[in-house]
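Student: Numbering (the numbering used here), first residue to last: 644 to 804.
In short, the hints are calculated from the structure, not lab data.
Ranges of calculated distance between the beta carbons of each label pair, as one might list FRET restraints:
1. Val668 / Gly777: 14 to 22 Å
2. Arg703 / Leu782: 31 to 39 Å
3. Arg747 / Met721: 14 to 22 Å
4. Met737 / Ala650: 38 to 46 Å
5. Ala732 / Gly777: 16 to 24 Å
6. Leu776 / Leu654: 21 to 29 Å
7. Arg676 / Gly757: 17 to 25 Å
8. Arg801 / Leu776: 31 to 39 Å
9. Gly661 / Ala697: 13 to 21 Å
10. Ala786 / Gly674: 18 to 26 Å
11. Arg676 / Leu776: 17 to 25 Å
12. Arg747 / Leu718: 18 to 26 Å
For every residue, glycine included, the Cβ atom is placed at its ideal position computed from N, Cα and C.
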Amino acid sequence: MTLRNHALLHLIALLCVGAVGFALVTQHVFGMRPCAWCVLQRLMFLVIAIVCWAGVLLARFKAGFARLSAGLVVLLSMGGIAAAWYQYAVASMMFSCDRTFADRFMVSSGLDAGVPWLFGIFSTCMDARVTLLGVEYALWSMALFALIGVLALTKLLRRAD
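Go ahead and model the full structure; you've got the sequences and the hints to work with.
Tutor: Following this line, the structure appears as structure tokens:
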């Protein structure tokens with residue numbers, strides 16, 4: 644299998660890693676403090692990247708792994724869209740996102756305490772409601788999850804590589 648055969652999976656993974664990198668720059672350089680839903684979406688982007696690159700690696704042994712990876716990414720991107728929508732429509736209107744699913748999941752996973760520079764929850768959902776180029780951050784995330792889902796679906800529906 645060549646790089647070209649799995650270019651979409653590589654592109655998706657790079658988009659995800661780039662999104663998390665951008666989020667870290669906005670957090671650590673520009674002071675945009677993340678809420679529980681923000682860091683949950685970071686985790687989802689990283690999981691998608693790992694699934695893509697695992698699919699590329701495993702496709703060297705059996706071609707079906709690339710398609711399986713693309714199918715998982717479609718499902719994960721739908722979860723990301725749901726998380727971003729919930730952050731935008733519900734959580735950002737709440738004074739605190741304490742005890743929401745994202746808060747409970749991130750705290751119980753130990754990631755917020757274990758890797759605070761990446762997954763630390765430093766803001767309430769209402770305070771994390773910020774705009775970038777006039778568009779709320781959660782909507783940018785939702786759009787990227789949608790793009791990733793379309794790219795993964797394209798990979799999934801292609802004839803066998």
